[in-house]
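Peer 1: From first to last, the protein sequence lines are chains A and B.
Under our numbering, think of the first position of the first sequence as 78, with each following residue one higher.
Under our numbering, think of the first position of the second sequence as 78, with each following residue one higher.
Simulated from the structure, these hints should not be mistaken for laboratory data.
There may be inaccurate statements among the hints.
Heads up, the list lumps identical chains together, so a pair's fine if it works in one copy or across two of them.
With a cut-off of at most 25 Å between alpha-carbon atoms, the simulated DSS-like pairs for lysine-lysine come out as follows [stated by the list, open to error]:
(1) Lys122 / Lys185
(2) Lys245 / Lys200
(3) Lys222 / Lys305
(4) Lys112 / Lys245
(5) Lys200 / Lys112
(6) Lys200 / Lys291
(7) Lys116 / Lys305
Since we're looking at a predicted model, the values are computed, not measured.
2 protein chains.
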Amino acid sequence: MLNEQSSTIFVCSDSVGETADAVVRATLSQFDAEKVNVKRWSHIKSEDEIRNIMEEAARIGCFVVYTLVLPELREMIRQEAIRLKVFAVDIMGPVMEAFVHTFHFAPKETPGLLHQLDTTYFKRVEAIEYTVKCDDGQAQADWQKADIMLLGVSRTSKTPLSIFLAHKGYKVANYPIVPEVNPPQAMFELGNCIFIGLTMSPESLVRIRAERLKAMGLPPTAAYASLKRVTEELEFAQAIYRKLGCIVLDVTERAIEETAGTIVERISESRFMYEINT
Amino acid sequence: MLNEQSSTIFVCSDSVGETADAVVRATLSQFDAEKVNVKRWSHIKSEDEIRNIMEEAARIGCFVVYTLVLPELREMIRQEAIRLKVFAVDIMGPVMEAFVHTFHFAPKETPGLLHQLDTTYFKRVEAIEYTVKCDDGQAQADWQKADIMLLGVSRTSKTPLSIFLAHKGYKVANYPIVPEVNPPQAMFELGNCIFIGLTMSPESLVRIRAERLKAMGLPPTAAYASLKRVTEELEFAQAIYRKLGCIVLDVTERAIEETAGTIVERISESRFMYEINT
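Using the sequences provided together with the hints, build the complete structure.
Peer 2: Structure, rendered in structure tokens:
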């Protein structure tokens, strides 16, 4: 049974529902809505299913966000929304309309095409596998295949940033900078990748490392989290970044998505435009 | 300079633009649009910026998809769209309206809240770090902390699936099943995680492994890609799944997003509803 005390949003899709879910999540961040439940209805195939879902929505007083590419299902949900006085928001419809109107293409009307097993898909899977393998300085023999080499001292978010970029199809290797240890010669022989050096304000890094020590049950007073040691590490890193010609990015108080956005922009700057599906 | 020969879509945001980009990507999959360029304009702050972007859009004949949470910027883009006859699609606005109308909350109108460094954010980062560390049977000492243990023979998409689930905040360990090798005792002592066993049609797996061998420059006739060996491996895996009480999922011809969706559904079934931000 649905909990009728809390606010609920239905996400409906004739595919997985990831896209509508992403928009709902972005919207929720704009409200102080601590107890909003999101119920996802995936792979909707029939008008009957839609009727049942919309009646349930009306009953519990929720609204519906949907991505349906089959015109008959879209029409059904629109009609039911009016009949039952339930708000129903079409996420892809308006963009599809803009597309048809601006470029005069006809849509395919096949659910699930976003997740089809095509070249782009396999390229992304390969990039993720590569990136996991080349995390934290591992698998040096494969570095030559990297699109991006990410460098940074401990706790500058190398791993999640690498993974986020891998989801966009980039093969990312990352390497942890440790004071007094120069990167291996192989690092200086990479020709085809972009070098990104991560930096952070020493104060922030001290805070993050102290938290880390606490989480590990260690005293936060260890040298690892001291301002002196952190400052030295960051200076040592800067020297390596200069040697490698890294693009240096300050990640202080920046979310992974923000930094990844900047990196993708830098990569595409030379081309100015990046193409979807490359 | 923009290439005026090809179709272009502008993605505009007062934050990163990930959400609008996701909707555009989903929409593009519905068209045979090989050469559509997507240009992203992030961190838009002023009405002047919007005027310039919209004039550029009118000049090259493209349309605009936007997520703007500041009302004055939303109003500006609406007006400019009418003035310049450019299609402009508001992605979050209609969902925000439905939210306000249905639940009577007021939005915060602060850009970038989706990417703020809050508890959810750090939980996700931790999950990704955990999952990378526990890939491919590694870091057994940490298995006790797993939310999900994924098992499968070679090439059943364990790594990308684990990473995709980690992005949703789940700590995932994955373990490669190798014939005649029983998982370590530690596997049978895990109490708090969900066991997922991946399987696939032997024919598909043979095809995928043969491709893999080809990509590695090896003859596709190796036992690794033979129907006999693959069938044996899958049967051995099934026996282990039974011992562990795994939920068994057939991933033949299924995209990672599809399988991940099924897993999340299974996890939330006991609760029926899952909460955003948990």
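Peer 1: All the hints need checking, so say for each whether the structure fits it.
Peer 2: Comparing the hints with the structure gives:
1. Taking the shortest alpha-carbon separations for Lys122 and Lys185, only the intra-copy value of 16 Å comes in at or below 25 Å, while the best inter-copy value is 36 Å.
2. When the C-alpha separation of Lys245 and Lys200 is checked against a cutoff of 25 Å, the pair qualifies both within a copy, at 9 Å, and between copies, at 21 Å.
3. When the C-alpha separation of Lys222 and Lys305 is checked against a cutoff of 25 Å, the pair qualifies neither within a copy, at 36 Å, nor between copies, at 33 Å.
4. For the homomeric pair Lys112 and Lys245, the shortest alpha-carbon distance between copies (18 Å) is at most 25 Å, but the shortest distance inside one copy (31 Å) is not.
5. Proximity of Lys200 and Lys112 under a CA criterion of 25 Å is satisfied inter-copy only: 18 Å between copies versus 38 Å inside one chain copy.
6. For a Cα distance limit of 25 Å, the shortest separation of Lys200 from Lys291 across copies, 16 Å, qualifies, whereas the shortest one inside one copy, 39 Å, does not.
7. In this assembly of identical chains, the alpha carbons of Lys116 and Lys305 never lie at most 25 Å apart, being 49 Å within a copy and 43 Å across copies at closest.
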